[in-house]
Amino acid sequence: MQPEQFNQVFKALEAEVRKVIVGHDDVIRKILIAFFGGGHVLLEGVPGLGKTLLVKTLSGALGVSFKRIQFTPDLMPSDIVGTEVLAEANGRREFQFKKGPIFAHVVLADEINRATPKTQSSVLEAMEEKQVTVFGESHLLSSPFMVMATQNPIELEGTYPLPEAQLDRFFFKLLVAPPTPAELKEILKRTTGAENGAVSRVLPEDNGQLINEMKQLLRQVLIAPPIEDYVVRAVHATQPGPSSNGGKAAPSIKQYLRFGSSPRGAQAVILGAKGNALAEGRVHVSYEDVEKVLYPALRHRIILNFQAEAENVSADQVLTEVVKQVART
Amino acid sequence: MQAVSQSLRGASPEQLLDRGSAQLRNHVLRDALLLIVPPALACLYGSFHLFQLGWVGQFGLAALVAGTISLAAVAVFLLFQPKIPSRDTAAQKIDQLTGAKDRFVTLATITSASCAPELLGRLRREAAGLQSRVEIKRDFPYRVKKPFYYSLIGAVLATALFHLVPVLQSKLRPVAPAERVRQLAEKVAWRPNLQEIARSLQVLAVKLEDPKATPQEQQKLIQQMQQQIEQQQRQQEKQPLQQQNKEEQQADRNTLNDASATLKSLEQQSGGGQEQQKDKAGGGGDIKSNLPQDGKGESKPSPGGDGQSKGDANAQMSDGKQQGQSAQGDAKGEAQKAGNEKTGQSKGDSKSDQKDSNQSGGEKNQEAAGKNQSNNAGKGSRSKTSEDTPQGAPPSDRMTQGGDGAGGLKNARYVTVQLPEEVGAEEKGQSSGTKNSKNNRAGAKVPVSNTPLPPHLPDAPTEQQRMPLEYRGIIR
Chain L
0 MQPEQFNQVF
10 KALEAEVRKV
20 IVGHDDVIRK
30 ILIAFFGGGH
40 VLLEGVPGLG
50 KTLLVKTLSG
60 ALGVSFKRIQ
70 FTPDLMPSDI
80 VGTEVLAEAN
90 GRREFQFKKG
100 PIFAHVVLAD
110 EINRATPKTQ
120 SSVLEAMEEK
130 QVTVFGESHL
140 LSSPFMVMAT
150 QNPIELEGTY
160 PLPEAQLDRF
170 FFKLLVAPPT
180 PAELKEILKR
190 TTGAENGAVS
200 RVLPEDNGQL
210 INEMKQLLRQ
220 VLIAPPIEDY
230 VVRAVHATQP
240 GPSSNGGKAA
250 PSIKQYLRFG
260 SSPRGAQAVI
270 LGAKGNALAE
280 GRVHVSYEDV
290 EKVLYPALRH
300 RIILNFQAEA
310 ENVSADQVLT
320 EVVKQVART
Chain H
0 MQAVSQSLRG
10 ASPEQLLDRG
20 SAQLRNHVLR
30 DALLLIVPPA
40 LACLYGSFHL
50 FQLGWVGQFG
60 LAALVAGTIS
70 LAAVAVFLLF
80 QPKIPSRDTA
90 AQKIDQLTGA
100 KDRFVTLATI
110 TSASCAPELL
120 GRLRREAAGL
130 QSRVEIKRDF
140 PYRVKKPFYY
150 SLIGAVLATA
160 LFHLVPVLQS
170 KLRPVAPAER
180 VRQLAEKVAW
190 RPNLQEIARS
200 LQVLAVKLED
210 PKATPQEQQK
220 LIQQMQQQIE
230 QQQRQQEKQP
240 LQQQNKEEQQ
250 ADRNTLNDAS
260 ATLKSLEQQS
270 GGGQEQQKDK
280 AGGGGDIKSN
290 LPQDGKGESK
300 PSPGGDGQSK
310 GDANAQMSDG
320 KQQGQSAQGD
330 AKGEAQKAGN
340 EKTGQSKGDS
350 KSDQKDSNQS
360 GGEKNQEAAG
370 KNQSNNAGKG
380 SRSKTSEDTP
390 QGAPPSDRMT
400 QGGDGAGGLK
410 NARYVTVQLP
420 EEVGAEEKGQ
430 SSGTKNSKNN
440 RAGAKVPVSN
450 TPLPPHLPDA
460 PTEQQRMPLE
470 YRGIIR
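In the order they appear, the protein sequences are chains L and H. To convert, note that position 48 of the first sequence is 47 in numbering that gives the first Met the number 0; the numbers rise steadily by one, no gaps. To convert, note that position 127 of the second sequence is 126 in numbering that gives the first Met the number 0; the numbers rise steadily by one, no gaps.
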């Protein structure tokens with residue numbers, strides 16, 4: 000796989016999704032970066048912004064299998080990962096594993112915060128290990144595998160906020176913003192007219208090999224040691240307490256933090272920056288790439304304290320302070 | 000992969016990085032040099048200046064020069080070493096200049112062994128395509144930093160101080176005559192034709208240093224030396240200027256002129272020194288006494304040796320006997336303090352307290368009078384107020400006119416004792432009292448009157464109560 004080919008495929012996918020989705024260019028790019036980076040995405044936005052449509056369109060453009068799980072309070076883990084059912088085969092009855100909807104390339108966990116923590120945690124193993132275990136038997140998930148979860152920041156009654164451990168497994172947390180007037184006009188034009196935009200498949204039928212090559216190429220993107228140090232310092236600056244090397248977050252950051260980012264955050268930043276570099280047609284990571292993916296990669300990994308909530312300080316504001324305080328060199 | 004990386008090393012983006020880092024290194028070196036060189040030059044200049052002044056010898060000069068150069072080199076090294084720019088720094092600057100989005104930084108820092116050669120080759124090609132946007136000499140100009148200007152200003156100030164310090168020191172601490180003569184001798188010794196004079200000057204310097212030599216003898220020696228130099232000058236003037244040795248002869252004449260001028264100033268200094276010694280011995284020329292003259296109770300102050308006394312002091316005495324006893328007992332101490340502090344500029348009239356005067360010792364007064372008289376007379380030309388000399392004879396039983404004072408002073412003519420200053424100041428509503436006069440506040444506050452007091456009775460008790468003037472006559 001050549002970088003030019005990656006860029007070509009990437010741009011084709013973006014263009015294909017844009018046929019259906021109006022706006023959200025940055026979200027589309029980040030989802031694709033997360034997909035080729037081997038991560039999962041948490042989409043957060045108010046209802047009606049096209050989150051579900053975006054995921055469906057993306058999976059259609061990728062030409063991979065797609066399953067949707069609507070998370071509700073009464074949803075059980077077996078409804079997601081599958082269960083063993085008693086079936087009759089060859090004249091005898093035996094338990095057979097019936098795969099749940101998690102067995103797909105792209106899984107949409109719609110309104111994931113409405114399910115109970117027990118159900119939410121059922122996807123933990125699948126997201127991290129790419130396998131599920133039912134009745135002591137592990138079942139590998141197909142590759143590529145990506146969970147795209149959505150959650151609603153309002154209507155929090157009867158919801159169960161995702162635990163930190165599960166949040167940490169999402170590569171990016173993307174905020175889906177409301178459309179601008181121009182975008183809204185375009186949305187109306189596309190959805191209320193006679194013609195509905197249909198997405199067509201970009202990747203070939205046998206796309207597994209191609210996707211794996213693209214994933215492989217993304218990891219080979221060059222990154223200079225000073226830029227790696229920059230990422231390390233930025234992630235390290237989110238730690239509120241003293242660390243092994245004696246450094247800690249600045250007082251302006253520390254006062255709002257309860258927990259800092261985990262090493263998964265740094266991994267996500269580096270891989271996301273590499274994906275962004277490839278998407279922009281480069282084979283090396285720049286500081287700009289890092290700063291572009293720093294927010295979606297870390298905003299759900301830093302846990303704000305009560306003071307931040309009381310003062311209505313968001314994670315993005317804290318990260319902005321981090322970027323200000325961490326020098327590039 | 001290693002071969003690929005080696006082939007890449009010789010390519011132009013790496014050369015550009017090398018040239019950029021070398022340019023930045025030169026900048027840092029220039030910064031360090033510009034910061035250190037001005038003070039180092041100032042130090043060298045100061046060393047040579049001290050050498051010219053004779054404060055340090057040749058070895059001292061060599062040590063100072065060597066030390067300065069060594070320190071400067073060490074300082075430049077210490078400033079330069081930690082700031083040596085790496086290739087990363089140059090790469091970042093090139094990235095900024097070319098908009099290469101960190102391509103040069105990646106090229107400069109990445110290890111070729113850990114990356115895909117295809118991607119590295121592509122990165123190198125992209126960087127090579129961008130390097131035409133930058134030209135090292137044009138885009139890496141050297142700019143003089145602010146510390147250089149501070150260093151330069153500091154060095155100039157230090158150089159100026161080198162010039163000012165000897166001047167200030169000579170003003171604060173004048174060179175001893177013997178030392179000046181010795182310096183003059185060294186200067187004269189450079190002239191081959193004036194070796195005899197130089198030797199004589201050396202001898203003079205030794206004699207001047209002799210503690211047994213009196214000032215008169217020193218002055219005499221200087222005069223003799225001056226005569227010798229004048230004689231040499233006359234001889235030099237008699238000789239016609241020869242074309243071959245014209246410059247030499249002119250230099251000799253100049254040296255002799257300098258020597259003559261120096262000796263003249265020394266002679267004056269020696270004379271002044273004698274006067275000063277006399278002044279010190281006599282308690283100072285500013286001493287005034289209100290010792291009455293001719294029984295009139297009034298005396299005008301002598302301006303003193305340096306003519307700074309401007310005050311009038313009126314002494315109130317009733318008769319000759321009273322005058323003798325009313326001489327102020329602390330006149331000597333007051334006069335000496337006044338002479339030392341040169342605070343004899345008391346304005347306004349001051350009147351003495353008769354009671355206090357009566358209580359003071361008359362013998363001390365006599366002693367003080369004698370000293371001050373001889374002192375003023377000894378100053379000769381400096382005391383130009385002979386017309387102010389109070390007329391009338393001092394009390395014959397207390398003072399001997401023109402005689403030798405108790406301190407051995409000769410030719411004393413008159414003594415003026417200054418009254419406490421506050422008496423006059425308070426009467427005029429002024430507050431110009433000195434510390435000494437404040438000590439005499441009790442006496443100074445006593446109202447005085449020029450009403451004649453009754454004749455002094457030796458056995459009568461002294462007046463204990465000070466009474467207001469208006470009641471004095473009634474009680475009496």
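Hints are not guaranteed to be accurate.
Unchecked claim - Label-pair ranges, simulated between beta-carbon atoms:
1) L/Arg257 to H/Ile152: 25 to 33 Å
2) L/Pro224 to H/Tyr141: 23 to 31 Å
3) H/Gly153 to L/Glu308: 41 to 49 Å
4) H/Gly153 to L/Glu287: 55 to 63 Å
5) H/Pro81 to L/Pro224: 50 to 58 Å
6) H/Lys145 to L/Ala326: 53 to 61 Å
7) H/Gly153 to L/Ser251: 37 to 45 Å
To be verified - Within a straight-line C-alpha distance of at most 20 Å, the following computed DMTMM-like cross-link-like pairs (lysine to aspartate or glutamate) qualify:
8) L/Lys117 to L/Asp73
9) H/Lys100 to L/Asp73
10) H/Lys211 to H/Glu195
11) H/Lys100 to L/Asp228
12) H/Lys100 to L/Glu227
13) H/Lys100 to L/Glu3
No lab work stands behind these hints: they were computed from the structure. This one's a predicted model, so the numbers in the text were calculated from it and none came from an experiment. Glycine included, C-beta positions come from ideal geometry on N, C-alpha and C.
Consistency of the hints with the structure:
1. In this structure, arginine 257 of chain L and isoleucine 152 of chain H break the distance hint of 25 to 33 Å, their C-beta atoms being roughly 54 Å apart.
2. Evaluation of the 23 to 31 Å hint for proline 224 of chain L and tyrosine 141 of chain H yields a pass: the beta carbon distance comes to about 29 Å.
3. Glycine 153 of chain H and glutamate 308 of chain L have their C-beta atoms about 56 Å apart, which leaves the hinted 41 to 49 Å range violated.
4. Take glycine 153 of chain H and glutamate 287 of chain L: their Cβ atoms lie about 44 Å apart, and the range 55 to 63 Å is violated.
5. Remark: the range hint 50 to 58 Å for proline 81 of chain H to proline 224 of chain L is contradicted by a beta-carbon distance near 21 Å.
6. Distance hint check: the CB atoms of lysine 145 of chain H and alanine 326 of chain L are about 23 Å apart, inconsistent with the given range 53 to 61 Å.
7. About 39 Å separates the C-beta atoms of glycine 153 of chain H and serine 251 of chain L, a value consistent with the hinted range of 37 to 45 Å.
8. Under the criterion of a C-alpha separation no larger than 20 Å, the hint pairing lysine 117 of chain L with aspartate 73 of chain L is consistent with the structure, at around 11 Å.
9. The straight-line distance between the Cα atoms of lysine 100 of chain H and aspartate 73 of chain L is roughly 51 Å, outside the 20 Å bound, and the hint therefore fails.
10. Under the criterion of a C-alpha separation no larger than 20 Å, the hint pairing lysine 211 of chain H with glutamate 195 of chain H is inconsistent with the structure, at around 26 Å.
11. A threshold of 20 Å between alpha carbons decides the hint, and for lysine 100 of chain H with aspartate 228 of chain L the separation of about 17 Å falls inside it, so the pair holds.
12. Between lysine 100 of chain H and glutamate 227 of chain L the CA atoms are separated by roughly 15 Å; this keeps the pair inside 20 Å, and the hint holds.
13. At most 20 Å may separate the alpha-carbon atoms for a hinted pair to count; lysine 100 of chain H and glutamate 3 of chain L meet this at roughly 18 Å.
Hints 1, 3, 4, 5, 6, 9, 10 from the earlier list are contradicted by this structure; the remaining hints agree with it.
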